[in-house]
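Protein chains in written order, with the working numbering: chain A, 77 to 332; chain B, 187 to 582.
Since the hints were derived computationally from the structure, they do not count as laboratory data.
Check before you lean on any hint, since a few could be wrong.
[Stated by the list, open to error] Listed below are the simulated EDC-like cross-link pairs for lysine to aspartate or glutamate, each with C-alpha atoms no more than 20 Å apart in a straight line: (1) B/LYS455 - B/ASP530; (2) A/LYS132 - A/ASP168; (3) B/LYS455 - A/GLU154; (4) A/LYS319 - A/GLU154; (5) B/LYS455 - B/GLU568; (6) A/LYS319 - B/ASP452; (7) B/LYS455 - A/GLU180; (8) A/LYS308 - A/GLU321; (9) A/LYS319 - A/ASP129; (10) B/LYS455 - B/ASP233; (11) A/LYS319 - B/ASP233; (12) A/LYS190 - B/ASP530; (13) B/LYS455 - A/ASP129; (14) B/LYS455 - A/ASP279; (15) A/LYS187 - B/ASP233; (16) B/LYS495 - B/GLU425; (17) A/LYS134 - A/GLU185; (18) A/LYS319 - B/ASP530.
[What the hints assert, rightly or not] Derived Cβ-Cβ restraints for the label pairs, each shown as a range: (19) A/LYS187 - B/ILE450: 18 to 28 Å; (20) A/ASN303 - B/PHE436: 52 to 62 Å; (21) B/ILE537 - A/ASN200: 48 to 58 Å; (22) A/PRO158 - B/LEU479: 32 to 42 Å.
Glycine included, each C-beta is placed from N, C-alpha and C at the ideal position.
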Amino acid sequence: MITRRDFLKIAAFSSLLGLGGAFTINALEKEPGQKVLKDIKALKGKRWAMVIDTRKFKTQEDFEKVIRACHKAHNVPEIANPLHEVKWIWTDDYEHSFAGTAEEYISTEVKERKFLLLCNHCDNAPCVRVCPVKATFKRPDGITMQDMHRCIGCKFCMAGCPYGARNYNFLPPRDYIKELNPEYPTRTIGVVEKCTFCNERIDRGLLPYCVEASEGKIIFGDLYDPNSEIRKVLSENIVIRRKVELGTQPMVFYII
Amino acid sequence: MLDLALKGRPRYWIWVSFLITMILIGFICWMREHHIGAAFTTGLSRDVTWGFHVGQLTFFVGVAASAVLVVLPYYFHNYRVFGRIAVIGEFLAVGCVLIAMLSVFVIMGQPSRVWNVLLHATPHSIIFWDMVVLITYLSLNLLCGWTVLHAEKKSAPPPKWIKPFIYWAILWAPSIHTVTAFLYAGLPGRPHWMTALQAAHFLATAFAAGPSLLIILSMIIRKVSKFDPGQQAINKLAEIATYALIIHLFFIGLEFFTAFYSQIPDHMKSLIYLYQGLEGHNRLVPWMAVSTLLAFIGLIIFIFPPLRKWNVTKVIAAACVFFSIWMDKGFAFVVSGFIPNPFDRVTEAWIALNEFLVAAGVWSVGALVITVLYKIAITVKEKAVFDKYGQKQVVE
Ligand code: SF4
Ligand code: SF4
């Protein structure tokens, strides 16, 4: 059932994507070096998803480029202590990334691979379910959003997320930003933050920063569009997802 | 009646000043946390985001719910023995719900935004329901306790209109603890918490810890005032605690069976961590050993009637049971739910001093409210106690 409020949200959103979106695409295509989402049409049936081709990430620099692009643009604080760090996208090894389903006798090459981890923008997201103030909410296009101005910092979502994808600002984040990007807001102490699939870029018809910086190693697109590139990649490769058995329907796929 | 709280002997005022000092210290520590960040003031981390305070919520909601154990037999089954302590139980519930609610409040990173929970009411979040049931339960107990006491003061039977509220409070008590269990029981990534037994187990622990505390409080009241909650009532509370304790221990056994017979690693790991240590991490093992030992000392005393009836051993057992469950539910249960983390790694957590002092401040708020309410209740009851059968208390 669609409530009036939801309808208004969808209406506002689709006009942004449909009309405003088309307009910005034209404007932006002229800027060199910016990859643009081709499949922005209407909101109907859209579900953003990501495929990470883990075979193509070879060197440390491959990962760092991607992580740096995201963290710099989003003013993610650099906190050294792993207990209190904030990370939107990061890496871990096979065994820990796929804890519970990792194959012991898989090739050493895969075992030694690193995997990019980020919020899975789960279709059935527990973090959204438990948030008492709708600070974590779902956009109709599948993005799990985080409203840093509404979050009360109860950390329920962190107990709810089975992927360790959420960060609580245990420390004043602004003290730990090395290079400030004035285009993107910084956060305050005591709120939760995480990857938002670069919703601010998607709304302007641009690909997420990490996808752009990966130079083809990450594929992003609309899962509901049978002709999209992401569907093609998914149908041609063997992919795995993290903890599918929990029913959260993660929207990040890994080509092994 | 409030004026009765303003007259007291020096020791009453010393106790009240002590509590107020603790509240102030707690408040300063809490302000400090918001200034320098929870990284320095709590034992929490990315991996273990809930700890001591959420444990206090869990534990004290249970103690509050256990008031039903004296209210229900008295009002519902006309069990006269509990006539004298029904109000004591209700006022204990008021203080404990307050502790529980404040314990959630102090964990919030942005406490000034707490109204968002009502402004953006979210029915699919359990925190919303927890807030609703707790506020309702607090109001109900305050209303019922106060009204009944007021009638007692005038040596009159309680007014008729209060009946529905008393029954409502009785129905509400299990619900507050069930909703609190649902905070944990429905999270997909936390196998240690995700058991359908959770709410039932919570109630069992509550019904052991709550009466234990009431026993201790009754003995204190007996010592410091002329009001006697009644030996028979105290004995009955010990019996109730015995049954609840046995059910609690039985439920622990059930959890162990399910985890270890199924051999599903995720279900075994938290238990292994708690009782044996996991991958070299064993900070909670001695803690759990003490908790288990206390539970068994309590069990042995409670199970043998002569030991259970003798007041000295009874109080020892009550203290053992209370602390055993506090250690388990008020800390270990919450922390071990986060171990191992989603990446199958172990990050341990411990109680930081600042965190402890904040909690002590919160307990003091509850204790102060209970003290004031008890002071009033005891003064009224010292004069004359008429339960609904018009039975007058005999003051030795
Ligand atoms: S990965 Fe975690 S934070 Fe992201 S949508 Fe899923 S449950 Fe929520
Ligand atoms: S910490 Fe913030 S985002 Fe997470 S559940 Fe609480 S209010 Fe929602």
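Here is how each hint holds up against the structure:
{"no.": "1", "hint": "B/LYS455 - B/ASP530", "result": "10 Å, holds"}
{"no.": "2", "hint": "A/LYS132 - A/ASP168", "result": "16 Å, holds"}
{"no.": "3", "hint": "B/LYS455 - A/GLU154", "result": "32 Å, violated"}
{"no.": "4", "hint": "A/LYS319 - A/GLU154", "result": "28 Å, violated"}
{"no.": "5", "hint": "B/LYS455 - B/GLU568", "result": "54 Å, violated"}
{"no.": "6", "hint": "A/LYS319 - B/ASP452", "result": "12 Å, holds"}
{"no.": "7", "hint": "B/LYS455 - A/GLU180", "result": "19 Å, holds"}
{"no.": "8", "hint": "A/LYS308 - A/GLU321", "result": "24 Å, violated"}
{"no.": "9", "hint": "A/LYS319 - A/ASP129", "result": "18 Å, holds"}
{"no.": "10", "hint": "B/LYS455 - B/ASP233", "result": "16 Å, holds"}
{"no.": "11", "hint": "A/LYS319 - B/ASP233", "result": "17 Å, holds"}
{"no.": "12", "hint": "A/LYS190 - B/ASP530", "result": "16 Å, holds"}
{"no.": "13", "hint": "B/LYS455 - A/ASP129", "result": "32 Å, violated"}
{"no.": "14", "hint": "B/LYS455 - A/ASP279", "result": "43 Å, violated"}
{"no.": "15", "hint": "A/LYS187 - B/ASP233", "result": "24 Å, violated"}
{"no.": "16", "hint": "B/LYS495 - B/GLU425", "result": "9 Å, holds"}
{"no.": "17", "hint": "A/LYS134 - A/GLU185", "result": "11 Å, holds"}
{"no.": "18", "hint": "A/LYS319 - B/ASP530", "result": "12 Å, holds"}
{"no.": "19", "hint": "A/LYS187 - B/ILE450: 18 to 28 Å", "result": "23 Å, holds"}
{"no.": "20", "hint": "A/ASN303 - B/PHE436: 52 to 62 Å", "result": "59 Å, holds"}
{"no.": "21", "hint": "B/ILE537 - A/ASN200: 48 to 58 Å", "result": "35 Å, violated"}
{"no.": "22", "hint": "A/PRO158 - B/LEU479: 32 to 42 Å", "result": "35 Å, holds"}
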